[in-house]
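Chemist: With these hints in hand, go ahead and build the complete structure from the sequences.
Chains as they are written, first to last, in my numbering: chain Z, 1 to 298; chain W, 1 to 132.
Just so you know, the hints here were simulated from the structure itself, not pulled from any lab data.
Values in this document were obtained by computation on a predicted structure and should not be read as measured data.
Where hints are given, some of them may not hold.
Example chain W residues on the side facing chain Z (calculated, C-beta under 8 angstroms, incomplete) [said to hold, decoys possible]:
id : residue
1  : Gly-12
2  : Ala-45
3  : Val-52
4  : Ile-53
5  : Gly-75
In silico negatives: residues of chain W with every beta carbon more than 12 angstroms from chain Z [to be verified]:
id : residue
6  : Gly-35
7  : Ser-51
8  : Arg-64
9  : Gln-71
10 : Lys-74
11 : Ala-80
12 : Ile-84
13 : Thr-86
14 : Glu-90
15 : Glu-92
16 : Ser-94
17 : Leu-97
18 : Leu-125
19 : Asp-127
Note that beta-carbon positions come from the ideal geometry of N, C-alpha and C, so glycine has one too.
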Amino acid sequence: MTDLAVQLEGVCKTYRFFSLNDVALRIPYGQIMGFIGPNGAGKSTTIRILLGLVHQDRGDVRVLGRTMPAEQVAAKWDVGFASEDMRLYEGETLEWHLRFIRSIFPAWDQGYAATLLKRFDLRADHRIKGLSHGQRVKAVLLLVLARRPRLLVLDEPTTGLDPVSRHELLRELADVMHDDRRSILFSSHNTQDIEQICDQITFIDRGRIIESRDKETFMDRWRRIRVELPGGVQLPPLPGVIDVQQTGRLAVATTNAYDSRLPSAYEAAGIRVHAVESMTLEEIFMTNVQHSREGARA
Amino acid sequence: MDIHLVLSHSDGRPMYVQIMEHVRRRIAVGDLKPGQPLPSIRQLAVDLQISVITVKRAYLELEREGLIATQHGKGSVVAAGRGIRTRLYEQELSKHLEEAVRLAVLLGLGSRELQRRLRETAEQLADAHKER
Numbered sequence: 001m002t003d004l005a006v007q008l009e010g011v012c013k014t015y016r017f018f019s020l021n022d023v024a025l026r027i028p029y030g031q032i033m034g035f036i037g038p039n040g041a042g043k044s045t046t047i048r049i050l051l052g053l054v055h056q057d058r059g060d061v062r063v064l065g066r067t068m069p070a071e072q073v074a075a076k077w078d079v080g081f082a083s084e085d086m087r088l089y090e091g092e093t094l095e096w097h098l099r100f101i102r103s104i105f106p107a108w109d110q111g112y113a114a115t116l117l118k119r120f121d122l123r124a125d126h127r128i129k130g131l132s133h134g135q136r137v138k139a140v141l142l143l144v145l146a147r148r149p150r151l152l153v154l155d156e157p158t159t160g161l162d163p164v165s166r167h168e169l170l171r172e173l174a175d176v177m178h179d180d181r182r183s184i185l186f187s188s189h190n191t192q193d194i195e196q197i198c199d200q201i202t203f204i205d206r207g208r209i210i211e212s213r214d215k216e217t218f219m220d221r222w223r224r225i226r227v228e229l230p231g232g233v234q235l236p237p238l239p240g241v242i243d244v245q246q247t248g249r250l251a252v253a254t255t256n257a258y259d260s261r262l263p264s265a266y267e268a269a270g271i272r273v274h275a276v277e278s279m280t281l282e283e284i285f286m287t288n289v290q291h292s293r294e295g296a297r298a
Numbered sequence: 001m002d003i004h005l006v007l008s009h010s011d012g013r014p015m016y017v018q019i020m021e022h023v024r025r026r027i028a029v030g031d032l033k034p035g036q037p038l039p040s041i042r043q044l045a046v047d048l049q050i051s052v053i054t055v056k057r058a059y060l061e062l063e064r065e066g067l068i069a070t071q072h073g074k075g076s077v078v079a080a081g082r083g084i085r086t087r088l089y090e091q092e093l094s095k096h097l098e099e100a101v102r103l104a105v106l107l108g109l110g111s112r113e114l115q116r117r118l119r120e121t122a123e124q125l126a127d128a129h130k131e132r
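Modeler: Encoded structure:
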C-alpha cells in the first residue's frame, strides 16, 4: 500500500477548446492539498477525473488505493465531494436531505451532524428554496462532512461564505486532520485559506501543473528583494530571478529559487540590499501565472 | 500542555517563524520549563487551524537550535540543560549587535567610534539606574 491517498500520473484529457496535459497530482494520507489556478485552468476537470465523473483519455488515477474510473463505485463510499454548483431538492427540507444521506452511508455520524447544524447556524426544518446561497453551501458541506469520508474533495468550498462561516469551515477542516489517515483536496480562489491550512500546494494554469510541492518549501523559494543601485546601473540578471521592476536607482527583484547567496551576490556587485521579504501566496500566485504565461509566449 | 498562541496574518513573517518566536519567548520568560512537554505537532496544527507541515517545520527548527528535543513516538519537550535562557538572551544580544554594526556602516562610523558610542550608552544607562 502506498502512502498516497490520491495519485494522478500523466493524466490527459482533450476537449475541443481545452485540454489537460500530463497532469500529476499526489496527496499523502493525513494531509491537505490546496489546488490553485485561475478560472478555466483545469481545476474542476482534474477533480472530476479523480472522482471518476469524467474519464481521462490517458494516464493513471488511483484514489484510496482504487483505480479510477474502473473502481469508482467502491471508492465513492469513502470519498466526500462538495462543489459550489451542487444541487439540493428545492422543495424538501434540510432534515429530509439528512435522512436521505444517512440512509445511504453507514458511516454517517448523527451527533456530528447535529453539532455542525449549530456551528453552521442552520435549521433542519427549513426548505432548501428558502435558503441563501451561503446557507446552501453550508448545507452541502454539512451533508458531506457528517459522512466522515476518508477523502474530502472540496471544489471552491469557501466561495460565497461570510467570514464567520468561512472560519467555521476552516475549523472543521483542521479538525478532520486529527485523524492522520484522512485527507483533503481543496480548490479555492481564496489563497489566504489555502496558505493557512494546506500542507501541499499545487498550481495549475491552462491545463498544466506549474508547480506542486509542500507548502513550506514552496513559500520558502519565493522572495522579493529590494535593492538600491549605483546611478546609471541596471540590475544584472541572476539565476532564479524571474521579475525585476526598476525605477531610477531602486529596484525590486522577485525570485522563485531563493538562496541566501543571492543577496550576497548583489552586495558583491556593489548593489545595496535594503530588504529580503517573504511573499504571500496571493502575490506568488499572481507572479507565477504571469511568469508561466510569458514563458509560454516566448 | 496548551501553549495559547495567537498568529497574525498581517505580520510579514511566515507562520512557522511566529510559532518559533512564541515558544522561544515562553522559554525565555520561564513559562515553559526544561523537560516540559509541548503539544504534539498534529494537536497544535488543529488548535491553531494551520497546516501540520508548518508546525512540523517550526519544531524542527527549534530542535536544530537546541531549544526542544523530540523523541520518536513520544513527542517534543523543552530541552533540558541549564543555560537555555542565557543562550536565548545571547542570541538576542548578537542580533542587536549585528544590527548596530549594520547601522554604523550605513552612517559611516568606524569601529572605534562605534565602541565609544556603546560605552557611552552603557554609562548613561548605569547612571539612570543609580538615580532610581
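Chemist: With reference to the structure, classify each hint as holding or not holding.
Modeler: Now the hints, each set against the structure:
1. Gly-12: Interface hint status for Gly-12/W: holds (7 angstroms vs cutoff 8 angstroms).
2. Ala-45: At about 6 angstroms, which falls below the 8 angstroms cut-off, the nearest Cβ of chain Z leaves the hint on Ala-45/W intact, so it holds.
3. Val-52: holds (6 angstroms)
4. Ile-53: holds (4 angstroms)
5. Gly-75: Hint on Gly-75/W: violated, closest Cβ of chain Z at ~14 angstroms, above 8 angstroms.
6. Gly-35: holds (26 angstroms)
7. Ser-51: The claim is violated: Ser-51/W sits with its nearest Cβ about 4 angstroms from chain Z, within 12 angstroms.
8. Arg-64: holds (14 angstroms)
9. Gln-71: holds (18 angstroms)
10. Lys-74: holds (16 angstroms)
11. Ala-80: holds (28 angstroms)
12. Ile-84: holds (26 angstroms)
13. Thr-86: holds (28 angstroms)
14. Glu-90: holds (22 angstroms)
15. Glu-92: holds (21 angstroms)
16. Ser-94: Ser-94/W clear of chain Z: closest Cβ-Cβ about 17 angstroms, beyond 12 angstroms.
17. Leu-97: Its Cβ never comes within 12 angstroms of chain Z, the nearest being 20 angstroms, so this holds.
18. Leu-125: holds (30 angstroms)
19. Asp-127: holds (36 angstroms)
Violation of the numbered hints given earlier is confined to hints 5 and 7; the remaining hints are satisfied by the structure.
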